[in-house]
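Residues per chain are reported as follows:
There are 2 protein chains.
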Amino acid sequence: RLKVRHIEGWEIHTKIGWQTEGILRMLFHVLDPDVAKDPEHLIVYGGTGKAARDWNSFELISDSLMELKEDETLVVQSGKPVAIFKTSKYAPRVLISNAMLVPKWADFNYFKELEERGLTMFGQMTAGSWNYIGSQGIIQGTYETIAAAAKLYFNGSLEGKIVLSSGLGEMGGAQPLAITMNGGIGIIVEVDKKMIDRRLRFKYLDTWTDSIDKALDLALTYKQKKQPISIGLLGNAAEIYPELLRRGFIPDIVTDQTPAHDPLIYIPEGLSLEEADKLRQNNPQKYIELSMKSMKKTVETMVEFQRRGAIAFDYGNNIRRMAYDAGFKDAFQIPGYVPLFIRPLFEEGRGPFRYTSLTGNPKDIYRLDDELLAMFSENKFLVNWIEKAHKYIQFQGLPARVIYLGYGERDKFGKLMNELVRIGEIGPMWIGRDHHDTGAVASPYRETEAMKDGSDAIGDWPILNALLNASAGATWVAFHHGGGVGIGYSIHAGFGLVLDGSQESYERAERVLTVDPGIGVVRHADAGYERARETLCKKGIKSPSIKC
Amino acid sequence: RLKVRHIEGWEIHTKIGWQTEGILRMLFHVLDPDVAKDPEHLIVYGGTGKAARDWNSFELISDSLMELKEDETLVVQSGKPVAIFKTSKYAPRVLISNAMLVPKWADFNYFKELEERGLTMFGQMTAGSWNYIGSQGIIQGTYETIAAAAKLYFNGSLEGKIVLSSGLGEMGGAQPLAITMNGGIGIIVEVDKKMIDRRLRFKYLDTWTDSIDKALDLALTYKQKKQPISIGLLGNAAEIYPELLRRGFIPDIVTDQTPAHDPLIYIPEGLSLEEADKLRQNNPQKYIELSMKSMKKTVETMVEFQRRGAIAFDYGNNIRRMAYDAGFKDAFQIPGYVPLFIRPLFEEGRGPFRYTSLTGNPKDIYRLDDELLAMFSENKFLVNWIEKAHKYIQFQGLPARVIYLGYGERDKFGKLMNELVRIGEIGPMWIGRDHHDTGAVASPYRETEAMKDGSDAIGDWPILNALLNASAGATWVAFHHGGGVGIGYSIHAGFGLVLDGSQESYERAERVLTVDPGIGVVRHADAGYERARETLCKKGIKSPSIKC
Ligand SMILES: NC(=O)c1ccc[n+]([C@@H]2O[C@H](COP(=O)([O-])OP(=O)(O)OC[C@H]3O[C@@H](n4cnc5c(N)ncnc54)[C@H](O)[C@@H]3O)[C@@H](O)[C@H]2O)c1
Ligand SMILES: NC(=O)c1ccc[n+]([C@@H]2O[C@H](COP(=O)([O-])OP(=O)(O)OC[C@H]3O[C@@H](n4cnc5c(N)ncnc54)[C@H](O)[C@@H]3O)[C@@H](O)[C@H]2O)c1
Chain S
1 RLKVRHIEGW EIHTKIGWQT EGILRMLFHV LDPDVAKDPE HLIVYGGTGK AARDWNSFEL
61 ISDSLMELKE DETLVVQSGK PVAIFKTSKY APRVLISNAM LVPKWADFNY FKELEERGLT
121 MFGQMTAGSW NYIGSQGIIQ GTYETIAAAA KLYFNGSLEG KIVLSSGLGE MGGAQPLAIT
181 MNGGIGIIVE VDKKMIDRRL RFKYLDTWTD SIDKALDLAL TYKQKKQPIS IGLLGNAAEI
241 YPELLRRGFI PDIVTDQTPA HDPLIYIPEG LSLEEADKLR QNNPQKYIEL SMKSMKKTVE
301 TMVEFQRRGA IAFDYGNNIR RMAYDAGFKD AFQIPGYVPL FIRPLFEEGR GPFRYTSLTG
361 NPKDIYRLDD ELLAMFSENK FLVNWIEKAH KYIQFQGLPA RVIYLGYGER DKFGKLMNEL
421 VRIGEIGPMW IGRDHHDTGA VASPYRETEA MKDGSDAIGD WPILNALLNA SAGATWVAFH
481 HGGGVGIGYS IHAGFGLVLD GSQESYERAE RVLTVDPGIG VVRHADAGYE RARETLCKKG
541 IKSPSIKC
Chain F
1 RLKVRHIEGW EIHTKIGWQT EGILRMLFHV LDPDVAKDPE HLIVYGGTGK AARDWNSFEL
61 ISDSLMELKE DETLVVQSGK PVAIFKTSKY APRVLISNAM LVPKWADFNY FKELEERGLT
121 MFGQMTAGSW NYIGSQGIIQ GTYETIAAAA KLYFNGSLEG KIVLSSGLGE MGGAQPLAIT
181 MNGGIGIIVE VDKKMIDRRL RFKYLDTWTD SIDKALDLAL TYKQKKQPIS IGLLGNAAEI
241 YPELLRRGFI PDIVTDQTPA HDPLIYIPEG LSLEEADKLR QNNPQKYIEL SMKSMKKTVE
301 TMVEFQRRGA IAFDYGNNIR RMAYDAGFKD AFQIPGYVPL FIRPLFEEGR GPFRYTSLTG
361 NPKDIYRLDD ELLAMFSENK FLVNWIEKAH KYIQFQGLPA RVIYLGYGER DKFGKLMNEL
421 VRIGEIGPMW IGRDHHDTGA VASPYRETEA MKDGSDAIGD WPILNALLNA SAGATWVAFH
481 HGGGVGIGYS IHAGFGLVLD GSQESYERAE RVLTVDPGIG VVRHADAGYE RARETLCKKG
541 IKSPSIKC
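If you read the sequences in order, they're chains S and F. Taking the numbering used here, the leading residue of the first sequence gets 1, the next gets one more, and so forth. Taking the numbering used here, the leading residue of the second sequence gets 1, the next gets one more, and so forth.
So that you can see chain S by itself, here it is in the shape it has in the complex (with noise of 0.2 Å):
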């Protein structure tokens, strides 16, 4: 129906200016056809993730938006703006649940039945809550679980590293960047080579080869040379995986990226993609089958790599259970990315910090990697992605940058940019994050998976998260249900906040950057990690249960 596109500029469609201006055009930014995977029907990303309930909804949050009082509140129900409160002028300006049901409803065919009867939205993580930002958010996702992976077992750097994976789609594309960008040697194995060809033309991908011998000769000049270079390998994974093995090749890192989430998706080994098309279309039950004798050999293979001194993850695919289902017992040998490499990062709070020029500047954001670089010159991995974001990324919708930042991080920058757009060297400024956050998120197959104390499936703390950056005084705040796993295995929150130079706007980032952290220090120092619990004594956060 319409065409939305972002908005730029200093003129204010909106009664009481940028608070709720930032609102309007973060909203119209995550529907810009350069950012959505499908406006047309409202989808952001992440299958079908919506930032609002249909056309009709659309337009009556735009119009509340502009018509919004200063002490007053909009309440979007799944994607559909129900209700305008008085509430106060220290309150948010929006309040947003999407997808939530009753805990034994929470079935994906119950929900898409509910869905299609115009009674909920799938809002994902970041489409619902209008926070997406394109794939920068992926790139640099990837990009920080390299570089946590580096960290914890080759002293920070890739250097002269190989990493073996596979798949080089929406998500998995970002890999052979990522790697490289961490200094890093990368073997990408991908069944298509349309999908070589699209990486290579964006550059995130160095070159490519058909040939497992080329590509490991070129691989192993380049450890030798300590240089970086990304290699797609044109071939099946089940099939290239153990070809290696036999070779007597052991990666440093191995992981994959195939959709092994959907084993009709996934291409078997030995079929062609003209045979796997009509195999899935004449004999789905046999493709599954193929599919999942695959992934049983990928994963065997990965777990022999891992004894021979190879650090291998999971990927957040679901390749281990599947692995596990066809009769792998040992597939879980293999840990998750989260618990590995993540978990680290957000026991001190660290997370993902999005920001955009709100007037659609890109100088902003560029003026903005200058203060970064200042501000956070000791952190040489932030220092290393904000030079390479800056060379590689394209905007899309208004500009944009993510960067993980830390406790006491978040708030000191948040800080900054406020006072930036005070004394007019930027334009007004929206902060927010992914749910995939530190204190944010219940998952037990991803975010929460194996805590410590067993508590992967306790979902106090992200409504705690929400009720606390209410309290604080975000400009929006978001819950959501079946973000990143699917319906009834995950439920999380966000939050928006808009800069716009105001004393109130630095008091309300001072006191959102630094409890939506807070609780995620203070959720990993309760579950027994001690590096959240350091964090927690050395940077003051106040815990009656916890003592320093």
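Hints may contain errors.
Which copy? The list can't say, so a pair holds if one copy fits it or any two copies do.
[As the list claims (entries may be wrong)] With a straight-line Cα cutoff of 35 Å, these simulated DSBU-like cross-link-like pairs (lysine-lysine) come out:
#1 Lys37 <-> Lys542
#2 Lys112 <-> Lys89
#3 Lys388 <-> Lys547
#4 Lys3 <-> Lys547
#5 Lys538 <-> Lys89
#6 Lys86 <-> Lys415
#7 Lys412 <-> Lys69
#8 Lys37 <-> Lys547
FYI, nobody ran anything at the bench for these hints, they're computed from the structure.
Guided by the hints, dock chain F with the ligands onto chain S, whose structure is given.
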């Protein structure tokens, strides 16, 4: 361990005065031995509904409340105080989430396991949110249900109407009093003579007999005289209901409050209490079989009563489901009590409004009784309840009152209360409510059963309710899982509000007591309820998606 008693008088124990003192006093109040069911184990009511995770947590919560500053917020995760953050003067002082789980893990047995490992706590509805006020809540709830039935079917009075029910236990024992308070004639079948005696002693029940003839004679005499009376009839409902039917007697209203939810507690027909005890021990399978058969018989009779003109309803004990499982396919011909009687109240934002005198002064409650009678003199159910409550209700812990008030009435009365505190006519007060309320709960087997648009399981509303109350500045906000119907079957929210007579507490009261019932009216209007839509339009609640 500790023996906690409610705190009275004017001495302040907290750093910042009544705002936190009020919270502290409600916490002590719900654990007073006169209020709590098993205070030694911190259990307040409703099975195992607790006020704090353990005694150490209780002490840390108390200490934290005493030390809390005026811009700080204490965070409680399932009864354990985990953090204190700087938020703002306008924010809640305490945020609570109890027993929340990621939906796919929301199972009773798994919850018990997590509870045993010390990771969570069951908060019921008002135990873990420090909103419980003893048995007054049950009597008033039952009174309100019976009154709603009178209103719906008998022009507002039960004069000359006979109500047949059964069970004189913890909840069911309120029935005879609630019936006579409404001017009606009650026959309550109870299998245990001790329970009859107990209700006679408390004057909840007027008289008793073990003869069906006598009970009928008495009831019919009073029916002609149009005078209220309550009659305990010793016997088993599964025998007596069919026998009454056989004699051609049709009650005006029929229901049942035996413990049908647990077929091992329910007494099957034909067994004495001793025989039941023995069979329960020796052959529980057989026992359950007999119970289910008895329940089937009861419900079959209720459906027949209904066919012949009686008003029949399920009173939240799940007896329909039991009869259905026992083979009676028409069991759900009988509606649940919420869709019938409570939903029309919820549509108007009407629900339980509770308050206590924080200084422990009964005179403050009586003074407010008078104010209520003056302010709502045209509401004859309210007037009747206040008069009867004054006469029958004994205070437990802090003197308390519960009334049903609608949208527009709650804030009006709350503001008056604050004004009376300000001018020193009464001492500081607490206002709160049950989570069993208009916009605060999603519970498809009770509060949201059979919603007009099929939105029974939609869980966004309680989330929005909690976020709104936090944004509006309730003194504390709590979000819970599993209250009433058990783990997995409900999510719900509550709040506490301390009135200290200040301008600030006036504003908090105005906002909270408007948004809280307001989102309930919106929830029902959104689901297509006419009366809710009318209320919304008449009272000027703003909703972008509902046209007036
Ligand atoms: N780590 C995370 O945060 C995260 C987040 C979301 C999703 N994921 C998971 O990562 C996986 C990949 O996601 P995507 O968006 O890139 O998927 P996609 O479908 O866009 O791309 C998958 C790619 O893998 C290739 N492929 C399929 N079978 C293959 C095989 N046997 N050998 C080699 N290549 C093969 C396909 O040709 C395709 O290019 C999914 O399972 C997804 O759920 C991870
Ligand atoms: N409507 C509501 O809001 C609500 C709320 C909570 C519970 N309930 C349900 O109401 C039911 C009763 O609760 P309670 O607290 O009073 O239970 P209870 O166990 O305290 O009392 C039950 C009484 O029923 C009697 N009884 C048992 N079997 C009988 C039979 N066959 N015939 C006659 N009397 C019999 C028992 O002797 C006992 O006195 C429960 O199932 C409960 O879950 C309703």
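Against the structure, the hints:
{"no.": "1", "hint": "Lys37 <-> Lys542", "in the structure": "between (43 Å within a copy, 33 Å between copies)"}
{"no.": "2", "hint": "Lys112 <-> Lys89", "in the structure": "neither (38 Å within a copy, 42 Å between copies)"}
{"no.": "3", "hint": "Lys388 <-> Lys547", "in the structure": "neither (41 Å within a copy, 51 Å between copies)"}
{"no.": "4", "hint": "Lys3 <-> Lys547", "in the structure": "between (55 Å within a copy, 26 Å between copies)"}
{"no.": "5", "hint": "Lys538 <-> Lys89", "in the structure": "both (34 Å within a copy, 26 Å between copies)"}
{"no.": "6", "hint": "Lys86 <-> Lys415", "in the structure": "both (28 Å within a copy, 16 Å between copies)"}
{"no.": "7", "hint": "Lys412 <-> Lys69", "in the structure": "both (29 Å within a copy, 23 Å between copies)"}
{"no.": "8", "hint": "Lys37 <-> Lys547", "in the structure": "between (48 Å within a copy, 32 Å between copies)"}
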